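Numbered per numbering that gives the first Met the number 0, the sequence shown spans residues 0 to 229.
Wrong hints could be hidden among the right ones.
Distance windows between CB atoms, simulated [to be verified]:
| hint | residue 1 | residue 2 | range |
| --- | --- | --- | --- |
| 1 | Arg83 | Val193 | 53 to 63 Å |
| 2 | Arg162 | Trp215 | 35 to 45 Å |
| 3 | Ile105 | Gly174 | 19 to 29 Å |
| 4 | Arg83 | Phe153 | 54 to 64 Å |
| 5 | Gly185 | Tyr146 | 14 to 24 Å |
| 6 | Ser166 | Pro208 | 30 to 40 Å |
Note that these hints are calculated values from the structure, not bench results.
As the structure is a computational prediction, the values presented were derived from the model and not from experiment.
The C-beta atom is built at its ideal place from N, Cα and C for all residues, glycine as well.
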Amino acid sequence: MLNTGMMGHQRDILATMGIDIWIPNHSVRVQQTQPSSLWRDQALPEVMVELPQNQIEVPAFSPPDIREIDSTLTQFVETEKESRHQNTQVVSIEPLEAVPQAAIQIEAFELQAISSASCLIVVDASTLSESQVELWLNIQRAIPTEYHELKWPFPLAEMQDGRGASSYVQGFIDGMGVDKDLIALGEIPHLQQVDLHQLASLQEMLDQPILKKRLWQFTQKSLNTRMTDE
(Lines of atoms letter the chains of each structure in order from A and count residues from 1; the text may use other names and numbers.)
(Lines give C-alpha, C1' and ligand atoms only; values in the text may rest on other atoms or scores of the structure.)
Protein backbone atom coordinates (compact mmCIF):
# COMPACT_ATOMS: atom_id res chain seq x y z
CA MET A 1 0.00 0.00 0.00
CA LEU A 2 2.91 2.26 0.69
CA ASN A 3 4.33 1.73 -2.81
CA THR A 4 0.96 2.32 -4.38
CA GLY A 5 0.51 5.56 -2.49
CA MET A 6 3.95 6.69 -3.49
CA MET A 7 3.27 6.01 -7.14
CA GLY A 8 0.05 7.95 -6.89
CA HIS A 9 1.90 10.84 -5.39
CA GLN A 10 4.42 10.78 -8.28
CA ARG A 11 1.63 10.59 -10.83
CA ASP A 12 -0.03 13.65 -9.31
CA ILE A 13 3.22 15.61 -9.54
CA LEU A 14 3.80 14.59 -13.20
CA ALA A 15 0.20 15.40 -14.07
CA THR A 16 0.66 18.85 -12.62
CA MET A 17 3.67 19.25 -14.98
CA GLY A 18 1.46 18.23 -17.91
CA ILE A 19 3.01 14.78 -18.33
CA ASP A 20 0.75 11.76 -18.76
CA ILE A 21 1.96 8.47 -17.34
CA TRP A 22 1.13 5.14 -18.83
CA ILE A 23 1.53 2.19 -16.42
CA PRO A 24 1.13 -1.41 -17.65
CA ASN A 25 -1.53 -3.46 -15.89
CA HIS A 26 0.92 -6.08 -14.66
CA SER A 27 2.97 -3.39 -12.98
CA VAL A 28 0.15 -2.38 -10.61
CA ARG A 29 0.49 -5.58 -8.73
CA VAL A 30 3.59 -5.45 -6.65
CA GLN A 31 4.81 -8.52 -4.86
CA GLN A 32 6.52 -7.69 -1.58
CA THR A 33 9.20 -10.21 -0.78
CA GLN A 34 10.20 -8.45 2.40
CA PRO A 35 7.16 -6.98 4.19
CA SER A 36 9.27 -5.44 6.90
CA SER A 37 11.46 -3.38 4.50
CA LEU A 38 10.79 0.29 3.84
CA TRP A 39 9.37 1.58 0.51
CA ARG A 40 12.59 3.24 -0.46
CA ASP A 41 14.36 -0.12 -0.44
CA GLN A 42 12.00 -1.54 -3.03
CA ALA A 43 12.67 -1.35 -6.76
CA LEU A 44 10.22 0.94 -8.49
CA PRO A 45 8.25 -0.52 -11.34
CA GLU A 46 9.28 0.43 -14.88
CA VAL A 47 7.56 3.62 -15.87
CA MET A 48 7.12 4.55 -19.53
CA VAL A 49 6.52 8.25 -20.09
CA GLU A 50 4.71 9.31 -23.22
CA LEU A 51 4.92 13.00 -24.09
CA PRO A 52 1.86 14.56 -25.69
CA GLN A 53 2.25 15.64 -29.30
CA ASN A 54 1.30 19.25 -28.50
CA GLN A 55 4.29 19.56 -26.13
CA ILE A 56 6.95 18.85 -28.84
CA GLU A 57 8.06 21.97 -30.61
CA VAL A 58 9.85 21.50 -33.93
CA PRO A 59 11.81 24.55 -35.07
CA ALA A 60 10.29 25.96 -38.18
CA PHE A 61 12.46 25.85 -41.33
CA SER A 62 12.30 28.91 -43.48
CA PRO A 63 13.73 28.70 -47.01
CA PRO A 64 16.43 31.28 -47.84
CA ASP A 65 15.31 34.50 -49.43
CA ILE A 66 16.55 34.21 -53.05
CA ARG A 67 16.09 37.91 -53.71
CA GLU A 68 18.16 38.84 -50.66
CA ILE A 69 20.99 36.49 -51.72
CA ASP A 70 20.91 37.83 -55.28
CA SER A 71 21.06 41.41 -53.99
CA THR A 72 24.03 40.58 -51.75
CA LEU A 73 25.93 38.89 -54.61
CA THR A 74 25.22 41.79 -56.95
CA GLN A 75 26.51 44.28 -54.39
CA PHE A 76 29.67 42.18 -53.88
CA VAL A 77 30.37 41.99 -57.63
CA GLU A 78 29.89 45.74 -58.05
CA THR A 79 32.27 46.41 -55.14
CA GLU A 80 34.92 44.13 -56.68
CA LYS A 81 34.61 45.85 -60.07
CA GLU A 82 34.99 49.28 -58.51
CA SER A 83 38.03 48.14 -56.50
CA ARG A 84 39.73 46.70 -59.60
CA HIS A 85 38.97 49.82 -61.59
CA GLN A 86 40.58 51.99 -58.94
CA ASN A 87 43.67 49.77 -58.82
CA THR A 88 44.12 49.69 -62.61
CA GLN A 89 43.21 53.28 -63.31
CA VAL A 90 46.01 54.97 -65.24
CA VAL A 91 47.00 58.32 -63.86
CA SER A 92 47.44 60.69 -66.74
CA ILE A 93 50.48 62.89 -66.31
CA GLU A 94 50.70 65.93 -68.44
CA PRO A 95 54.11 66.21 -70.11
CA LEU A 96 56.26 69.01 -68.90
CA GLU A 97 56.68 71.77 -71.39
CA ALA A 98 60.25 72.12 -72.54
CA VAL A 99 61.64 75.51 -71.77
CA PRO A 100 63.26 76.84 -74.93
CA GLN A 101 66.90 77.72 -74.49
CA ALA A 102 68.37 80.79 -76.07
CA ALA A 103 70.79 80.13 -78.91
CA ILE A 104 74.46 80.58 -78.08
CA GLN A 105 76.08 83.14 -80.31
CA ILE A 106 79.69 82.54 -81.35
CA GLU A 107 81.98 84.46 -83.66
CA ALA A 108 81.79 83.72 -87.35
CA PHE A 109 84.56 81.54 -88.74
CA GLU A 110 85.55 79.84 -91.97
CA LEU A 111 87.43 76.60 -92.53
CA GLN A 112 89.09 75.69 -95.81
CA ALA A 113 90.48 72.27 -96.67
CA ILE A 114 92.23 70.49 -99.51
CA SER A 115 91.95 66.73 -99.88
CA SER A 116 94.46 64.53 -101.67
CA ALA A 117 94.57 60.78 -102.07
CA SER A 118 96.45 60.32 -98.79
CA CYS A 119 95.85 63.38 -96.60
CA LEU A 120 93.46 66.20 -95.71
CA ILE A 121 94.94 69.64 -94.99
CA VAL A 122 92.74 72.08 -93.04
CA VAL A 123 93.33 75.75 -92.28
CA ASP A 124 91.43 78.45 -90.37
CA ALA A 125 90.65 80.97 -93.13
CA SER A 126 88.60 83.34 -90.96
CA THR A 127 91.16 86.19 -90.92
CA LEU A 128 93.78 85.43 -93.55
CA SER A 129 96.02 88.23 -94.68
CA GLU A 130 96.89 88.76 -98.33
CA SER A 131 100.28 87.08 -97.96
CA GLN A 132 98.71 84.13 -96.15
CA VAL A 133 96.11 83.72 -98.91
CA GLU A 134 98.87 83.70 -101.53
CA LEU A 135 100.85 81.04 -99.65
CA TRP A 136 97.73 78.95 -99.23
CA LEU A 137 97.01 79.10 -102.97
CA ASN A 138 100.60 78.05 -103.75
CA ILE A 139 100.19 74.99 -101.52
CA GLN A 140 97.01 74.04 -103.40
CA ARG A 141 98.83 74.31 -106.73
CA ALA A 142 101.74 72.19 -105.55
CA ILE A 143 99.60 69.30 -104.36
CA PRO A 144 96.86 67.76 -106.54
CA THR A 145 93.85 68.19 -104.29
CA GLU A 146 90.14 68.96 -104.08
CA TYR A 147 89.00 72.15 -102.39
CA HIS A 148 86.33 72.34 -99.61
CA GLU A 149 85.15 75.02 -97.24
CA LEU A 150 82.85 75.47 -94.23
CA LYS A 151 81.43 78.84 -93.19
CA TRP A 152 79.79 79.62 -89.87
CA PRO A 153 77.07 80.67 -89.18
CA PHE A 154 74.86 78.80 -91.59
CA PRO A 155 72.22 80.79 -93.49
CA LEU A 156 69.35 78.89 -91.82
CA ALA A 157 68.29 80.46 -88.51
CA GLU A 158 67.59 77.10 -86.83
CA MET A 159 71.18 76.02 -87.55
CA GLN A 160 72.92 79.02 -85.97
CA ASP A 161 73.05 77.83 -82.35
CA GLY A 162 76.67 77.79 -81.24
CA ARG A 163 76.11 74.51 -79.39
CA GLY A 164 76.16 72.71 -82.72
CA ALA A 165 79.33 74.29 -84.09
CA SER A 166 81.60 71.48 -82.88
CA SER A 167 79.35 68.87 -84.44
CA TYR A 168 79.33 70.65 -87.80
CA VAL A 169 83.10 70.96 -87.82
CA GLN A 170 83.46 67.32 -86.85
CA GLY A 171 81.12 66.26 -89.63
CA PHE A 172 82.99 68.44 -92.13
CA ILE A 173 86.29 66.74 -91.28
CA ASP A 174 84.91 63.20 -91.06
CA GLY A 175 83.14 63.51 -94.40
CA MET A 176 86.42 64.01 -96.27
CA GLY A 177 89.10 62.50 -94.03
CA VAL A 178 88.14 58.84 -94.05
CA ASP A 179 91.33 56.71 -94.15
CA LYS A 180 93.45 59.83 -94.59
CA ASP A 181 96.05 61.66 -92.51
CA LEU A 182 94.59 64.86 -91.09
CA ILE A 183 96.96 67.85 -91.16
CA ALA A 184 96.01 71.09 -89.43
CA LEU A 185 97.94 74.25 -90.33
CA GLY A 186 97.79 76.04 -86.98
CA GLU A 187 94.81 76.06 -84.60
CA ILE A 188 91.40 74.93 -85.90
CA PRO A 189 88.43 76.41 -83.97
CA HIS A 190 85.78 74.09 -82.52
CA LEU A 191 87.65 70.95 -83.59
CA GLN A 192 87.58 68.36 -80.80
CA GLN A 193 88.48 64.71 -80.33
CA VAL A 194 90.21 64.31 -83.66
CA ASP A 195 93.46 62.47 -84.28
CA LEU A 196 95.45 64.97 -86.32
CA HIS A 197 98.95 66.22 -87.08
CA GLN A 198 99.24 69.89 -86.22
CA LEU A 199 101.93 71.64 -88.27
CA ALA A 200 102.98 75.28 -88.50
CA SER A 201 100.39 77.90 -89.41
CA LEU A 202 100.56 79.89 -92.64
CA GLN A 203 101.95 82.90 -90.79
CA GLU A 204 104.64 80.77 -89.10
CA MET A 205 105.66 79.44 -92.53
CA LEU A 206 105.99 83.01 -93.80
CA ASP A 207 108.11 83.90 -90.79
CA GLN A 208 110.21 80.71 -91.06
CA PRO A 209 110.29 79.48 -94.66
CA ILE A 210 112.00 76.24 -93.62
CA LEU A 211 108.66 75.13 -92.11
CA LYS A 212 107.24 74.93 -95.65
CA LYS A 213 109.69 72.09 -96.30
CA ARG A 214 108.31 70.15 -93.34
CA LEU A 215 104.80 70.35 -94.78
CA TRP A 216 106.05 69.11 -98.12
CA GLN A 217 107.95 66.20 -96.55
CA PHE A 218 104.95 65.18 -94.49
CA THR A 219 102.59 65.10 -97.48
CA GLN A 220 105.07 63.04 -99.51
CA LYS A 221 105.56 60.60 -96.65
CA SER A 222 101.83 60.19 -96.30
CA LEU A 223 101.47 59.57 -100.03
CA ASN A 224 104.30 57.01 -100.09
CA THR A 225 102.81 55.17 -97.13
CA ARG A 226 99.48 55.06 -98.89
CA MET A 227 101.03 53.65 -102.08
CA THR A 228 102.97 51.02 -100.11
CA ASP A 229 99.84 49.83 -98.31
CA GLU A 230 98.03 49.44 -101.60
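Notebook entry, point to check: Of the numbered hints stated previously, which ones are contradicted by the structure, given in increasing order?
Noted result: none
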